[in-house]
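Number of protein chains: 2
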Amino acid sequence: MANIKLVLEYEGTNYYGWQIQPNVPTIEGELQNALARILKQRVIITGAARTDRGVHAKGQVVSFKLSLSFPVFQLIPALNSVLSPDIRVKRASQVKNAFHARHSARYKIYRYVICNNFVLHPWLRNFSWWVPFPLNCKLMQDAASYLIGRRDFSSFENKGSPFMSPVRCVQKIKIKKQGSLITVSIKADAFLYKMARNIAGTLVEVGRGRFSPLDVRNFLLTKDRRKAGPTAPPQGLFLWRVGYDRDIFDKNSW
Amino acid sequence: MANIKLVLEYEGTNYYGWQIQPNVPTIEGELQNALARILKQRVIITGAARTDRGVHAKGQVVSFKLSLSFPVFQLIPALNSVLSPDIRVKRASQVKNAFHARHSARYKIYRYVICNNFVLHPWLRNFSWWVPFPLNCKLMQDAASYLIGRRDFSSFENKGSPFMSPVRCVQKIKIKKQGSLITVSIKADAFLYKMARNIAGTLVEVGRGRFSPLDVRNFLLTKDRRKAGPTAPPQGLFLWRVGYDRDIFDKNSW
Numbered sequence: 003m004a005n006i007k008l009v010l011e012y013e014g015t016n017y018y019g020w021q022i023q024p025n026v027p028t029i030e031g032e033l034q035n036a037l038a039r040i041l042k043q044r045v046i047i048t049g050a051a052r053t054d055r056g057v058h059a060k061g062q063v064v065s066f067k068l069s070l071s072f073p074v075f076q077l078i079p080a081l082n083s084v085l086s087p088d089i090r091v092k093r094a095s096q097v098k099n100a101f102h103a104r105h106s107a108r109y110k111i112y113r114y115v116i117c118n119n120f121v122l123h124p125w126l127r128n129f130s131w132w133v134p135f136p137l138n139c140k141l142m143q144d145a146a147s148y149l150i151g152r153r154d155f156s157s158f159e160n161k162g163s164p165f166m167s168p169v170r171c172v173q174k175i176k177i178k179k180q181g182s183l184i185t186v187s188i189k190a191d192a193f194l195y196k197m198a199r200n201i202a203g204t205l206v207e208v209g210r211g212r213f214s215p216l217d218v219r220n221f222l223l224t225k226d227r228r229k230a231g232p233t234a235p236p237q238g239l240f241l242w243r244v245g246y247d248r249d250i251f252d253k254n255s256w
Numbered sequence: 003m004a005n006i007k008l009v010l011e012y013e014g015t016n017y018y019g020w021q022i023q024p025n026v027p028t029i030e031g032e033l034q035n036a037l038a039r040i041l042k043q044r045v046i047i048t049g050a051a052r053t054d055r056g057v058h059a060k061g062q063v064v065s066f067k068l069s070l071s072f073p074v075f076q077l078i079p080a081l082n083s084v085l086s087p088d089i090r091v092k093r094a095s096q097v098k099n100a101f102h103a104r105h106s107a108r109y110k111i112y113r114y115v116i117c118n119n120f121v122l123h124p125w126l127r128n129f130s131w132w133v134p135f136p137l138n139c140k141l142m143q144d145a146a147s148y149l150i151g152r153r154d155f156s157s158f159e160n161k162g163s164p165f166m167s168p169v170r171c172v173q174k175i176k177i178k179k180q181g182s183l184i185t186v187s188i189k190a191d192a193f194l195y196k197m198a199r200n201i202a203g204t205l206v207e208v209g210r211g212r213f214s215p216l217d218v219r220n221f222l223l224t225k226d227r228r229k230a231g232p233t234a235p236p237q238g239l240f241l242w243r244v245g246y247d248r249d250i251f252d253k254n255s256w
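Line by line, the protein sequences are chains A and B.
Numbering-wise, the first sequence is residues 3 to 256 according to my numbering.
Numbering-wise, the second sequence is residues 3 to 256 according to my numbering.
So here's chain A without its partners, still in its complex pose (with noise of 0.2 Å):
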């Protein structure tokens, strides 16, 4: 019995999120589809990340266990040769038994993409919000620095989150802008319900100037989800990284 590592990218345009449901296409839905006709037979995967409908991502990590001897390094091009061109695995490997995609993440990166133009680029349509206006992201970086450390991300979790705490450890917070790509990485050990979104939406109202820098300090002393900015549209969002310890990898398969 392998455990065993995938690294994944994906489209989230045409899929309802990544959990399964019934009836509507999950990217894990068409995950576990894939690794069934490849493998003959059925099996449990675990994302690191519930990603909601039409987020994206550039590096999820799925881990199941698998019985089968099948060769791991053929499983990259089996799923690849299986699955839409909108999700592509771009890493494989066995990991130690220990290993879960969820539980052993150390922390999770999501990046947030603005096209910050006048009009918006057809081809971005798809992987960024549109935000006509000026931005200011000297104030957006002014406010985001309120944000890192251990904190009760209350006023940025939106209700349905599965988690009782919202006490959250954000590590970093990255304004980049390039032409007119702005774009907000967020490092954290785990986000609530909507988190990033919601950063990136008070963000956005800070580089306008509806908020102060301060205010977003505010924001997290209220612990009122009112209070804070609105909830940034899906389709800017991408599950960057997760983050894991070193010593995963089960070296006895090698």
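There could be a bad hint or two in this list.
Note that the list lumps identical chains together, so a pair holds whenever it fits in one copy or between two copies.
Claimed, not checked - Cross-link-like lysine-lysine pairs, in silico, DSSO-like; alpha carbons within 30 Å at most:
hint: 1; residue 1: Lys174; residue 2: Lys189
hint: 2; residue 1: Lys140; residue 2: Lys92
hint: 3; residue 1: Lys92; residue 2: Lys179
hint: 4; residue 1: Lys98; residue 2: Lys178
hint: 5; residue 1: Lys189; residue 2: Lys179
hint: 6; residue 1: Lys67; residue 2: Lys98
hint: 7; residue 1: Lys42; residue 2: Lys60
hint: 8; residue 1: Lys176; residue 2: Lys140
Rather than coming from a laboratory, the hints here were simulated on the basis of the structure.
Chain A is fixed; fit chain B onto it per the hints.
Showing chain B alone in chain A's frame:
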């Protein structure tokens, strides 16, 4: 009677190219319909380049005569509210009467995008050519240097071209690598039919070692299309920019 110049961006994926044809969607057809809708009259438009099916544009230029007194600055929001989001008007200006999008063009730049990665990133699948083997950009740039100058490009012209002379002046070819993205930008006074894609297809053969840079010089001399490399697929190509003289604008209209 005002002479109008528009600059467009579009994703060509869902269109049968620029040129209007019966019963299929084309960029020219969509733009002509949008203009008819907002101006309540049919206008005849001229595009600087007839991009092929699946080819994109970041800077297609269009000109047409406008008999109505429709305010030029309202053309952008009016057209964009009517056009599908995969076509955007990004500039509109009144130009001198002699201006013609195609005849007045001094140069064109096409950019060809290659996804040079083990897997094809889902978000690039409609916007790049997936080349999964290593490419030597230095050799590609060396080969490109033989194509610079006023030369007979018969070896890089597909049949079906409406042009009489196969002589074109290529001013610059720049190959750039950024992560897994390789771009080939070609600046010329004008392009023969599928010339940009034939140059890109040939340079990729050089990059993977099938042709040497010197072979490319010889392809030019043979003037035989069958000698040079394959036509690169359309989805990697962008009409990047069309250049004109600086004095095209009609200052009296301001």
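Against the structure, the hints come out as follows:
1. In the homo-oligomer, the alpha carbons of Lys174 and Lys189 lie at most 30 Å apart inside one protomer (5 Å), although the nearest pairing across protomers, at 42 Å, exceeds that limit.
2. In this assembly of identical chains, Lys140 and Lys92 lie within 30 Å of each other by CA distance solely across copies; the values are 27 Å between and 35 Å within a copy.
3. Within a single copy, Lys92 and Lys179 get their C-alpha atoms as close as 28 Å, and across copies as close as 20 Å, so both meet the 30 Å cut-off.
4. Proximity of Lys98 to Lys178 under the C-alpha cut-off of 30 Å is found in neither arrangement, the shortest distances being 37 Å within a copy and 40 Å between copies.
5. With identical chains, the CA atoms of Lys189 and Lys179 are at most 30 Å apart both within one copy (18 Å) and between copies (28 Å).
6. Taking CA atoms no more than 30 Å apart as the test, Lys67 paired with Lys98 passes inside one copy only; the shortest distance there is 11 Å, against 70 Å between copies.
7. In this homomeric assembly, Lys42 and Lys60 come within 30 Å of each other (Cα to Cα) only inside a single copy, at 28 Å, whereas the closest approach across copies is 46 Å.
8. Taking the closest pair of Cα atoms, Lys176 and Lys140 come within 30 Å of each other only inside a single copy of the chain (11 Å); across copies the shortest separation is 34 Å, beyond that limit.
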